[in-house]
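Q: Okay, here's what each chain looks like letter by letter:
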Amino acid sequence: MTSRSMAVHEPAHSRRQALKFAAAAAFAAVLAPRMVHATEAQVADELKKLFGGKTMAEGKVKLDVPEIAENGLVVPLNVDVDSAMTDKDFVKSVHIFADGNPQPQVVSYHFTPESGRAAASIRMRLAQTQNVIAVAEMSDGSLYSTKAQVKVTIGGCGG
Amino acid sequence: MAALLAGAGPGALAQAVKGQALTEADLIRFDKPGTVTLLHLTDLHAQMVPLYFREPSVNLGVGEVKGLPPHLTDQAFLDYFKLPAGGRDAYAMTSLDFVNLAKTYGRMGGMDRMATLVKAIRAQRGADKVLLLDGGDALQGSWTSLKTQGEDMVKVLTAMDLDAMVGHWEFTYGADRVLELKEKAPFAFLAQNIRSTEWQEPVFDAAKIYDKGGAKVAVIGQAFPRTPISNPRWMIPDWEFGIREDEMRSQVEQARAAGADVVAVLSHNGFDVDRKMASRVKGIDVIFTGHTHDAMPAPVKEGETLLIATGSHGKFLSRLDLDVKDKKVTGYRFQLIPVFSDAITPDPEVAKIVAAERAPYEKDLAREIGRAGTLLYRRGNFNGTLDDMICQAMLEERDVEIALSPGFRWGGTLLPGDPITFDAIGNATAITYPACYRINMTGKQLKDMLEDVADNIFNPDPYFQGGGDMVRVGGMGYAIDVSKDIGSRISGMTFLKTGKPIEADKSYAVAGWASVNQGVEGPPIWEVVEKYVARVKDVNIAPNSSVKVTGA
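Listed in order, the protein sequences are those of chains A and B. If you count the first sequence from 1, position 9 lands on 85 in my numbering, and the numbers rise without skipping. If you count the second sequence from 1, position 502 lands on 515 in my numbering, and the numbers rise without skipping.
Think of the hints as simulated: they come from the structure by calculation, not from any bench. A couple of the hints might just be wrong.
Derived SDA-like pairs (lysine to any residue); straight-line CA-CA distance at most 20 Å [unchecked claim]: (1) A/Lys138 <-> B/Glu258; (2) A/Lys168 <-> A/Thr205; (3) A/Lys138 <-> B/Glu260; (4) A/Lys223 <-> B/Glu258; (5) A/Lys138 <-> B/Arg262; (6) B/Lys142 <-> B/Gly344; (7) B/Lys365 <-> B/Lys142; (8) A/Lys223 <-> B/Asp259; (9) A/Lys223 <-> B/Phe477; (10) A/Lys168 <-> A/Ala133; (11) B/Lys160 <-> B/Lys197; (12) B/Lys460 <-> A/Thr205; (13) A/Lys136 <-> B/Asp259; (14) A/Lys138 <-> B/Ser263; (15) A/Lys138 <-> B/Asp259; (16) A/Lys223 <-> B/Tyr476; (17) B/Lys457 <-> A/His113; (18) B/Lys457 <-> A/Thr205; (19) B/Lys295 <-> B/Arg262; (20) B/Lys460 <-> A/Gln204; (21) A/Lys223 <-> B/Lys197; (22) A/Lys138 <-> B/Gln213; (23) A/Lys138 <-> B/Gly255; (24) B/Lys497 <-> A/Thr205; (25) B/Lys457 <-> A/Gln204; (26) A/Lys138 <-> B/Arg293; (27) B/Lys497 <-> A/Gln225; (28) B/Lys457 <-> A/Thr222.
FRET-style restraints, in silico, Cβ to Cβ [to be verified]: (29) B/Glu211 <-> A/Lys130: 36 to 46 Å; (30) B/Asp259 <-> A/Arg199: 16 to 26 Å; (31) A/Ala160 <-> B/Ala89: 53 to 63 Å; (32) A/Gly135 <-> B/Trp212: 29 to 39 Å; (33) A/Val183 <-> B/Lys338: 21 to 31 Å; (34) B/Trp212 <-> A/Ala133: 30 to 40 Å; (35) B/Asp259 <-> A/Ala160: 18 to 28 Å.
Even for Gly, the Cβ is constructed at its ideal location relative to N, Cα and C.
Construct the entire structure; sequences and hints are all you get.
A: Below, the structure written as structure tokens:
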């Protein structure tokens, strides 16, 4: 396999996954531009834009992501927020961030009491090992948040 | 030491037979039979014929398990388990004085010998009281298993009346072949932790309940959770793995609800992962561990769960007898039975299968290519002389500056003077993605790769450990502090040819094999090794001091 042919098949962002073990590590040199990744501070900025400086509590949000991604291109995520989902008390929205992706905002879900349950599943691309953050906004304006690190590996020689 | 109990006690057998020839009867002598007898094999790596296998002299544990079994080697191992030095236990379970003891005690394993022990125990106990379990990596690791795509070992295990197995390297034959072998085999292939990517449906049965000795024994299967990361994902593109702790919890509950008196997990997680899982998932009576190739003469107890470690390559058979009363395990006895091939009469049925499976390839297998001048072994966290040989072969035959060889834990040992046959080369290289590639890598890429692999072994959280050993490196030295975090473990990378530091921006010609990428090009690694051995004839490997380890 030449570096060139891999570069054609693999979009730049997937290179961490494509680099499995030493094998094709060379083509990273061909894919010249160094990616600029988001940081925790950028995610904090995004949250500030959305919610002002409002404090976030822990709890209520259950975030299910693998501890190690099997394929960084499609990392499964399930989020489930504990709520009665009544007219008076429901989850308005859930926002997912990935603090090591070029674009930290992954997805936002909006719910109504008719949703019945504030739960959703998605598959997202993760460029590198990073934190995935879920923030739930409740109908009374309160915020709940949780985060989990997902490892995206280039190595692994199990045997 | 509360964890160490059980049976006749480690070493008792050694005492009993000191000064006299070991017999089959000595090997299967057992204190007091239980309600049910559980026999465990694991990580056979398709070794049908007896072999030498040197246990590691370096097997570091990090974080909470630092200094705990199985992260004890040599004298520390003997001290912990109260075993005498220089005896057969020391030979079977450590690397101390290996060459001399190997000459005294001979080769170990061999599926015909294993079958003799299994059949003898079944005859003793009654087949209705015995369950035979295989912990995975049974179908891969030899030339014949590669050529028959695992079928040779399926035949052997079928003849041994195996009840259930789990998988890891099995998956490197591809999804279709695994399903085909599963259909052919009369035994169960269990995995609670594999789901179809699209629908998240179970691919295999998660568990099976067996009636043995009047007790209901639930066996829950756990495949190697990191298979799609450690091995080519493209060979199993529609399957997702993972530890799936919540689902394991639910399997345990389901097993109890279905009336199980005993809940056993047949696991290929690796020992540290299993120990952590046992601390978090309640209600498991015993975990038969695998993957990390640890052999321990007594169970380790984590809470109420017994952890059994049966070693690898057919060197050992574990026997665990459980007393079951009022739907509960009330007592146990354990024996790690070493399979000393010279002391055991081969079982004729399995011997016939082994001979028949090898016959079509005998010309290749027997081909003598060179000789081991020095001891050639693989196991150890950082390097082994067999891998030094493979790296040297890549450096010279592929004309590169640096060689990388995967940190596999399987592969036999050759004593000084042993012929290097093609069979022996196959035992260390027979994989379905063998291409020996040649590429350029920058110093930075080499460092990132070393860091990544190191984190897979030395992450203090076992759930982040993938098993395997450190990637072997030829032509380059480095220092590693195993106590640090990813990104800061590796330093002092040195280009050995010049003695100069590896430069981050400089490009180096690199050869390696066992890439998990699809479409990798290059000759199969066994061809590269054969060429090299044929040329040098006598393989002498000097002690390797190019990896400096701290933080252990």
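Q: Each hint: holds or not?
A: So, going through the hints one by one against the coordinates:
1. At roughly 15 Å between alpha-carbon atoms, A/Lys138 and B/Glu258 fall within 20 Å of each other, so this suggested pair holds.
2. Note on A/Lys168 and A/Thr205: the hinted pairing is violated, with a Cα-Cα distance of about 29 Å set against a maximum of 20 Å.
3. With a C-alpha separation of about 16 Å, the suggested pairing of A/Lys138 with B/Glu260 holds against the 20 Å cut-off.
4. Using a Cα cut-off of 20 Å, the hinted pair A/Lys223 and B/Glu258 holds, with the two alpha carbons roughly 19 Å apart.
5. Straight-line distance between C-alpha atoms of A/Lys138 and B/Arg262 comes to about 18 Å, which keeps the hinted pair within the 20 Å bound.
6. Between the alpha carbons of B/Lys142 and B/Gly344 the distance comes to roughly 16 Å, so the proposed pair stays at or under 20 Å and holds.
7. Restraint check for B/Lys365 and B/Lys142: not satisfied, since their Cα atoms lie roughly 27 Å apart, outside the 20 Å limit.
8. The suggested pairing of A/Lys223 with B/Asp259 holds, with an alpha-carbon distance near 19 Å, which does not exceed 20 Å.
9. Proposed proximity of A/Lys223 and B/Phe477 is supported: the alpha carbons are some 17 Å apart, at most 20 Å.
10. In summary, the hint linking A/Lys168 to A/Ala133 is supported, as the alpha carbons are separated by about 16 Å, within the 20 Å threshold.
11. With a CA separation close to 17 Å, the supplied pair B/Lys160 and B/Lys197 stays within the 20 Å bound.
12. For a cut-off of 20 Å, the pair hint linking B/Lys460 to A/Thr205 stands: about 17 Å separates their Cα positions.
13. With a CA separation close to 18 Å, the supplied pair A/Lys136 and B/Asp259 stays within the 20 Å bound.
14. At roughly 18 Å between alpha-carbon atoms, A/Lys138 and B/Ser263 fall within 20 Å of each other, so this suggested pair holds.
15. For a cut-off of 20 Å, the pair hint linking A/Lys138 to B/Asp259 stands: about 13 Å separates their Cα positions.
16. Our distance criterion of 20 Å between C-alpha atoms is met by A/Lys223 and B/Tyr476, whose separation comes to about 18 Å.
17. The straight-line distance between the Cα atoms of B/Lys457 and A/His113 is roughly 18 Å, inside the 20 Å bound, and the hint therefore holds.
18. Distance restraint check for B/Lys457 and A/Thr205: the Cα-Cα separation of roughly 18 Å lies within the 20 Å cut-off, and the hinted pair is therefore satisfied.
19. A C-alpha spacing of about 7 Å is found between B/Lys295 and B/Arg262, which places the hinted pair at or below 20 Å, so the restraint holds.
20. Between the alpha carbons of B/Lys460 and A/Gln204 the distance comes to roughly 16 Å, so the proposed pair stays at or under 20 Å and holds.
21. This hinted pair does not check out: A/Lys223 and B/Lys197 have alpha carbons roughly 45 Å apart, beyond 20 Å.
22. Distance check on the hinted pair: A/Lys138 and B/Gln213 sit about 19 Å apart at the alpha-carbon level, within 20 Å; holds.
23. Under the criterion of a C-alpha separation no larger than 20 Å, the hint pairing A/Lys138 with B/Gly255 is consistent with the structure, at around 18 Å.
24. Pair hint B/Lys497 plus A/Thr205 holds up; C-alpha atoms about 17 Å apart against a cutoff of 20 Å.
25. At roughly 16 Å between alpha-carbon atoms, B/Lys457 and A/Gln204 fall within 20 Å of each other, so this suggested pair holds.
26. Proximity of A/Lys138 to B/Arg293 is assessed by CA-CA distance (about 18 Å); at most 20 Å being required, the pair is judged to hold.
27. With a C-alpha separation of about 18 Å, the suggested pairing of B/Lys497 with A/Gln225 holds against the 20 Å cut-off.
28. Straight-line distance between C-alpha atoms of B/Lys457 and A/Thr222 comes to about 34 Å, which puts the hinted pair past the 20 Å bound.
29. A C-beta distance of roughly 39 Å is found between B/Glu211 and A/Lys130, which places it inside the suggested range of 36 to 46 Å.
30. Distance hint check for B/Asp259 and A/Arg199: the Cβ-Cβ separation is about 19 Å, which falls inside the suggested range of 16 to 26 Å.
31. Take A/Ala160 and B/Ala89: their Cβ atoms lie about 57 Å apart, and the range 53 to 63 Å holds.
32. For the pair A/Gly135 and B/Trp212, the beta carbons lie near 31 Å from each other, so the given range of 29 to 39 Å is met.
33. The supplied range of 21 to 31 Å is broken by A/Val183 and B/Lys338, whose beta-carbon atoms lie about 54 Å from each other.
34. With their beta carbons about 35 Å apart, B/Trp212 and A/Ala133 fall inside the hinted range of 30 to 40 Å.
35. The given range of 18 to 28 Å is respected by B/Asp259 and A/Ala160, whose C-beta atoms sit roughly 24 Å from each other.
Consistency note: the structure conflicts with the earlier hints numbered 2, 7, 21, 28 and 33.
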